[in-house]
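J.: Chain by chain, the residues:
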Amino acid sequence: MPKLVELTLSQIIAGLQKGDFSSSELTQAFLARIDRLESQLHAYITLTPDLALAQAEHADQQFAAWRVDSNVPLPPLSGVPIAVKDVLCVAGVRCTCGSKILEDFVPPYNATSVERLLESGMVILGKTNTDEFAMGSSTENSAFGTTHNPWDIRRVPGGSSGGSAAAVAACLAPVALGTDTGGSVRQPASFCGVTGIKPTYGRVSRYGLIAFGSSLDVVGVLGHDVVDAAYIYKLIAGHDQLDSTSADRPIPDFELLDSSRGSLSGFRIGVPDEYFIPGMQPEVETAVREALREFENLGAEVMPVSLSHTEHALPVYYLIAPAEASANLARYDGIRYGPRVQSDRMWDIYSRTRGDKFGSEVKRRIMLGTYALSTGYYDAYYGQAQKVRTLIKNDFDQAFENVDLIAAPVTPTTAFFIGEHLDDPLAMYLEDALTIPASLAGVPAISFPVGFDKQGLPIGMQLMGPQFGEEILFQTTHTFQLATNWHLSKPKL
Amino acid sequence: MTKTIKSKNSSVSEFEAVIGLEVHAELETKSKMFCACPVVDHNLVEPNTAVCPVCSGMPGVLPVVNQRAVEYALRVALALECEIAPVSIFARKNYFYPDLPKGYQISQYEQPLAVNGRLTILTSQGERHIPVRRVHLEEDTGKLTHVEGDEERYSLIDLNRAGIPLLEIVSEPELHSAEEVRAFAVALRSLLLYLGVNTGDMQKGVLRIEPNVSVRPAGSSEFGTRTEIKNLNSFRALEKSVGYEIQRQIKLNRQGKQVVQETMGWDEAVEETIPQRSKEEAHDYRYFPEPDLPPLVIEKGWIERVQSSLPELPLVKLRRFQEQYGLSAGDAGMLTANPAVADYFEGTANAATGLTAKSAANWITVEIFAFMNQAGVGIEDIEVEPQQLAALIKMVNNGEINQNTAKTVLVEMLQTGETAESIVEKRSLRQISDSGYIAELVKRVLEENPEQVATYLKGKQGLSGWFFGQVMRAAKGKADPQIVKQELERQLGEMDQ
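Keeping their order, the protein sequence lines are chains A and B. Reading the first sequence from the start, the letters are residues 1 to 493 in the numbering used here. Reading the second sequence from the start, the letters are residues 1001 to 1497 in the numbering used here.
Isolated chain A (complex conformation) (with noise of 0.2 Å):
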């Protein structure tokens, strides 16, 4: 039997139900390995021990009753630890969306996804750790620190769900939460080799997630593979009445199948040009390649798709992500809770609470965002790029008429060094080119493991599907990691 801190979500809840082990022990032995782990990863910028260990003993009290009494409800996940991106609200835990700005803000409120973990008697381990306010693509704009990849600690996890994707490439959680806004979960999960979903905008309440692109937030779900990703998003996915923005429409009740080879034929899978641009990896498209000739084992057809407005998306998401960031980020003014730089003028109160609080990387998107909004530009900017982004969608519509899912590698490259890329934004930005059309459209997409190059570091691939299509792509998914090892893989720590 593997070691506690590896096993599946399925193998947890198993082992639980059985008896093998208690959620106390499992707790523990993820809060000794994090003890054991952190100072070299820095995945968590708030760990919780007393909360999980509480809330651990209160799942122990629920099986005892339940072997005693099996009519005790037993709720779906009981003593099962998570960990959540410190941008989602837990009551009383502080949440400091990687900002000094937020440093000791503690919500009152849980978010609705985190609600949803509690309902279902997980066990909260910590807060991980992300860029500030969820703008990067590497955890190095956080203010407590950059997360370590845990396939060579040199390296960036990704980002912004870095935290999320470290630690449970590390083991320091079976599974976390993330949220994405360009790429924030496919992007860290393909660096550190985990499968991660963004589902479709709307899916999944934003309530209590702390906003940074409002009309392209998504949470989403890190784990060590797509069936442990599907089981935590059936878990949060579905309406909410505190988010008028959520999709009231049934979740299916989906089981993942575990099918023989051939499972997918008639299945098609559209493979886009646009998406292999110049500057990639070649170790990045190879793998991606072989991929999808496994995709044509298991019987899906491969065929050219176009999509052809790509190259558009990146300009158009850092028009419109920091729009709306501009406005969003404005309620952090030092008047109504966290710090305060005082002031005798009221307007400097504003300028220096904000210009001292915010990290260089936010305060270039709220200006970003500022400028595309103002009265002569808005017309130019986030006018134009709100029409682009509807062509945008068009073209995946378009796509998704002729195919079942799109697939597509996650990043241009391999998680590169720390400090990289920290001179060059432009450069940094260019990471997200190849996920953020599926945000600007608000489809699903899911990413996972399909190889790894020379210098052992993962490689990812994308599917990517259509609106509320993440059935189809869990099954897909399921059907290649079946087939397949390379989610299986550890980083030697």
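Be careful, since some hints might not be right.
Partial list, derived from the structure: chain B residues whose beta carbon lies under 7 Å from chain A [unchecked claim]:
#, residue
1, 1053
2, 1057
3, 1059
4, 1060
5, 1064
6, 1102
7, 1103
8, 1286
9, 1288
10, 1294
Derived pair list, reagent style DSS-like, types lysine-lysine, alpha-carbon separation capped at 27 Å [to be verified]:
#, chain 1, residue 1, chain 2, residue 2
11, B, 1143, B, 1204
12, B, 1030, A, 387
13, B, 1257, B, 1030
14, A, 363, B, 1093
15, B, 1230, B, 1257
16, A, 234, A, 490
Where chain B lies over chain A, by a calculated footprint (3+ residues, C-beta under 8 Å) [unchecked claim]:
#, stretch
17, 54-68
18, 89-98
19, 222-233
20, 320-332
21, 368-377
For the record, the hints were derived by calculation from the structure and aren't laboratory data. Note that CB positions come from ideal geometry on N, CA and C, so glycine has one too.
We have chain A; now place chain B onto it with these hints.
T.: For chain B alone, kept in the frame of chain A given last:
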């Protein structure tokens, strides 16, 4: 539209005033615009007690539209005969200020809820239809209190008001005098009261009316530079400030000076408008569609339901009162300005047969209004039910008490809530109509005052009033004044012969 000058002052007829109004009316819903917090009277309730993560702008929270607020807005928009947008868009209006928790106000901008309405106003010049440009929904801000001590200055923030549904109503700039501005305000307030969406209290800031004023040479079609007047807390302040501002701008024009585009306040004490802040600091609000809220879709059926549930509106009621009760336009106007008063009037007029509507109108507009003004209460607060007022009026009509007695009885009714009948009984105020008894009293008064009688008989007819007073005093005010008059005339007449 009308281009002529409405001002009575002929010396200003070379200029025309152009005035538009921007009105903000809080909607009296149970909960706030985007959260479940109760809507409270922020003048009465402890600060920051009706506040939650949503209306205080905590991180990660989201707005949810209050459907009742939309319905209230639809009522107003339909009563203003607006076109309702089947799809309207909420937008963020961005600016920093400590009373604005999110750093933006959720409002509507490019696609408002309703456009192209009109409001009919009544002035001394007659009836006019003033076009309404737009009606949209937004949220109110918090309230700042600036404290200036000897040692320190600081500001306190109360967020109870933050997030209260606010309806913005914008007229076209087609008002041309302070009188028309007042008439618009009166008509709109009345409409809001009828629709049950706002208490119309300008003093408390529940209804805020901000005129923008410019002047131009009569006959010109170009607009002059305009100023806005803010923080007006009564109709009187509204009318006076607009009148003052028009004159001020005309004077500047005559002197060949420029009107500066700026926001003005109103100094109640000296009755002058004073500059508040220059528009040079004007914000770029960077409006953009609110991504947290889907477009607001108004189904046709909803519009129809709201339309059919609208009450009889003020102007229709006014016309009906004139027709059905034979009231003057003035009386009908006073009685229909407030729906509660109108109901009170109809309750009184219809409470008893043989009671004229005119007398009911008189009693209400004179005596009841006087009491309400003095006590500072609304008609809902008074102790006298319409039936009781009707009973009182009937006692006068039947000659059981006289007019003057009735007025004192009414005051007591208003103060104690007792019925007219019981007060009249208790105080033995019933009118004396026994002509034999009154003849006795008259005879006694004339006998007791021989000198005055002699003077009267010498021709000083004016003394008849004095005699009348003496007799009424002897009767403790209860004698039927008609009979007293007749009897005095008869007895003095007999003496004269």
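J.: Among all the numbered hints in the text so far, which are the ones the structure does not match?
T.: Violated hints (numbers, rising): 12, 13, 17, 19; every other hint is consistent with the structure.
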